[in-house]
Amino acid sequence: MFDYLKYIREWNFPHIWCSGCGDGIVLKALIRAVHKLGISRDEAVMVSGIGCSSRTPGYVDINTLHTTHGRAIAFATGVKLANPKLTVIVVTGDGDATAIGGNHYIHAARRNIDLTVLLYNNYIYGMTGGQVSPTTPIGGMASTAPYGNLEPPFNISGLAGAAGASFVARGDVYHVQKLEKLITKAMQKKGFSVVEILSPCPTAYGRRNKMAHPVQMMKWLKEITVPVAKYERMSPEEKKGKVRTGVIVDVDIPEYTEQYQKLIERLRVEKQ
Amino acid sequence: MPNKRSGKIVMMQGNHACSEGAIAAGCRFYAGYPITPSSEIAELLARKLPAVGGKFIQMEDEIAAMGAIIGASLTGVKSMTATSGPGFSLKQENIGYACMAEVPCVVVNVQRGGPSTGMPTHPAQADVQQARWGTHGDHSIIVLTASSAQETFEQTIRAFNLAETYMTPVILIIDEIVGHTMEKVILPDREGIGIINRKQPTIPPEQYLPYKKTKSCIPILANFGIGYRYHVTGLCHDETGFPTNEPKEIEALITRLSEKIERHRDKIIQCRLMMLDDAEVAIFAYGTVARSARRAVKDCREQGVRVGLVEPTVLWPFPSEIVLDIAEAVDAFVVPEMNLGQMAREVELAAKCKARVHRLSRVDGDPITPDQIIYTVKGMV
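Those protein sequence lines, which keep their order, are chains A and B.
Positions 1 to 272 (the numbering used here) are the ones given, in order, by the first sequence.
Positions 1001 to 1381 (the numbering used here) are the ones given, in order, by the second sequence.
Next comes chain A alone, as it looks inside the complex (with noise of 0.2 Å):
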């Protein structure tokens, strides 16, 4: 049996998070790549923004740091380049990172800092109940759109490739071995790596969207989900209502803090 409680801070159960949740799916996932990973506690800082997701740091036994709506990745980057040691994590959901902190990720991206974000995609807004986010579906419901959602909804994973992350991948918390292997890689990945991540929220999204059972939500991402090879060989028709998952985007290119450093040592030695 697997000790999670080694990276838990047991005295702050029970979470917040309501029965049904994927968060807590995510978490363990996460616990047991950093395990994996041998990252030393004292040298990993958590940092998340404002939503139910980001509420995960408060429950894991490293530095952990719990910022404004929208902000984590700014506030991660200013972590990351002070002292690039640091093994960073950012945590957030898809309204914080991709609606009031859209502009960090897209630029974090761009960077390509060293930063791993586990992206929590519940397609709503859960903390303030049930708002439309910017990855409703459309016709989805929500408290702020009461007739359905007319809103396309961003491809979040699709953004961050296309931005300049060196890694981009899918997961979701039906496919748990699956999820806990791309958080694994994604934190090996030298670089701005991405792992969003499917979870329910049967309390906010699933009871607006005749997914009222958390386990029809369990369902509705087994059925959606598709392993990426398998989407490839898909038609147009087929496509249909399926997401792909797995690693999306996996290239080798110059990160951020490196090239800050090796900049230090150029004017080091230009000085001597």
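Keep in mind that the hints were calculated from the coordinates and are not lab data.
Treat the hints loosely; a few may be bogus.
[What the hints assert, rightly or not] Only part of the chain B face toward chain A is listed, based on derived beta-carbon distances under 8 Å:
| no. | residue |
| --- | --- |
| 1 | GLU1060 |
| 2 | ALA1064 |
| 3 | GLU1093 |
| 4 | ASN1094 |
| 5 | TYR1097 |
| 6 | ILE1220 |
| 7 | PHE1224 |
| 8 | GLY1227 |
| 9 | PHE1242 |
| 10 | LYS1248 |
| 11 | ILE1250 |
| 12 | ALA1252 |
| 13 | ILE1254 |
C-beta atoms are modelled at their ideal positions from N, C-alpha and C, and glycine is treated no differently.
We have chain A; now place chain B onto it with these hints.
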């Protein structure tokens, strides 16, 4: 602060003096976003910081810059950002975060005319109340100002020292004229500069409480990465740093955030007093306007007009006690400001009706001249 002015003599604008002061104070991280009239601070630091092993980053927006310096500071690196009016507005939420989480950092605002985009290339002093109350919620804050390039250099160093001492964001607010005027600056030798670094915990990690209640009200925050694993949040938190909904804990936190500055106001507040002993009228002026006021005092005195000057170099905490003392001795205050009376209101409050307070406002983008002040003073005598 350097005790004697020995060192390298240079010609420099206030913005560059600010950058030099930051390097001298030990600042090794700057995050910013271009904005007139403060951009020269960033430009010089972009050149200087990597050369001393520090980091400069131009962020995607003002909000990100403020967030980045808080993140950097938590690793123990002295951090700064600089901006002007609109950018200062954008930074406010994260300034509040730094107040709440007690993360030392320095925010420079080179004021231009507002509101909104206002007058990017003209001076103003219209952000002095925003510097105090710009972010939401009860909090105290330290705001310094300067009237010359030399003083900007010195106040930048003091801003870092106060931030590290009181574990708080410190705001240095100057105006476009101070920022852009080229004048003589003496950059003191390193030994002439007093530097303060934040305390670090000495107790074992298992006994460590980041926000432990102490007599000084000032927390000791361990640098991230040195073995003290703790939680930092903008939510109301208890001594452990974790969120709390306990009314007693919340009250203790919110009152301590103000107390940790107000309790030390005697050590923080600084004012320059000039010819006040027999004055009938006291001018209260700061920044560029104080330079006009000094000239006005000299000219008035030559004409036998008994006027003096109180020039705060710390705007917040406000020097209420000093103003009250002066109010008891003079008939009136004249408060010339490049705004519609933002600090005059504070002078009125502090003077407690012991002296009249006359506002001399100018908001047309031009500086207040000595003649304007002299004219007003003569009308008061």
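Cross-check of the supplied hints:
1. GLU1060: 4 Å, holds
2. ALA1064: 4 Å, holds
3. GLU1093: Hint on GLU1093(B): holds, closest Cβ of chain A at ~6 Å, below 8 Å.
4. ASN1094: ASN1094(B) check passes; min Cβ-Cβ to chain A is 6 Å, inside 8 Å.
5. TYR1097: At 5 Å from the nearest chain A Cβ, TYR1097(B) passes the 8 Å test, so the hint holds.
6. ILE1220: Violated - the Cβ of ILE1220(B) stays beyond 8 Å from chain A, reaching only about 15 Å at its closest.
7. PHE1224: 4 Å, holds
8. GLY1227: Since the shortest Cβ distance to chain A is 5 Å, the answer is holds.
9. PHE1242: Where the cut-off is 8 Å and the nearest Cβ of chain A is about 6 Å from PHE1242(B), the hint holds.
10. LYS1248: Status violated, d = 19 Å.
11. ILE1250: The hint is violated - ILE1250(B) has no Cβ within 8 Å of chain A, the shortest such distance being about 17 Å.
12. ALA1252: Violated. Min distance 20 Å.
13. ILE1254: 18 Å, violated
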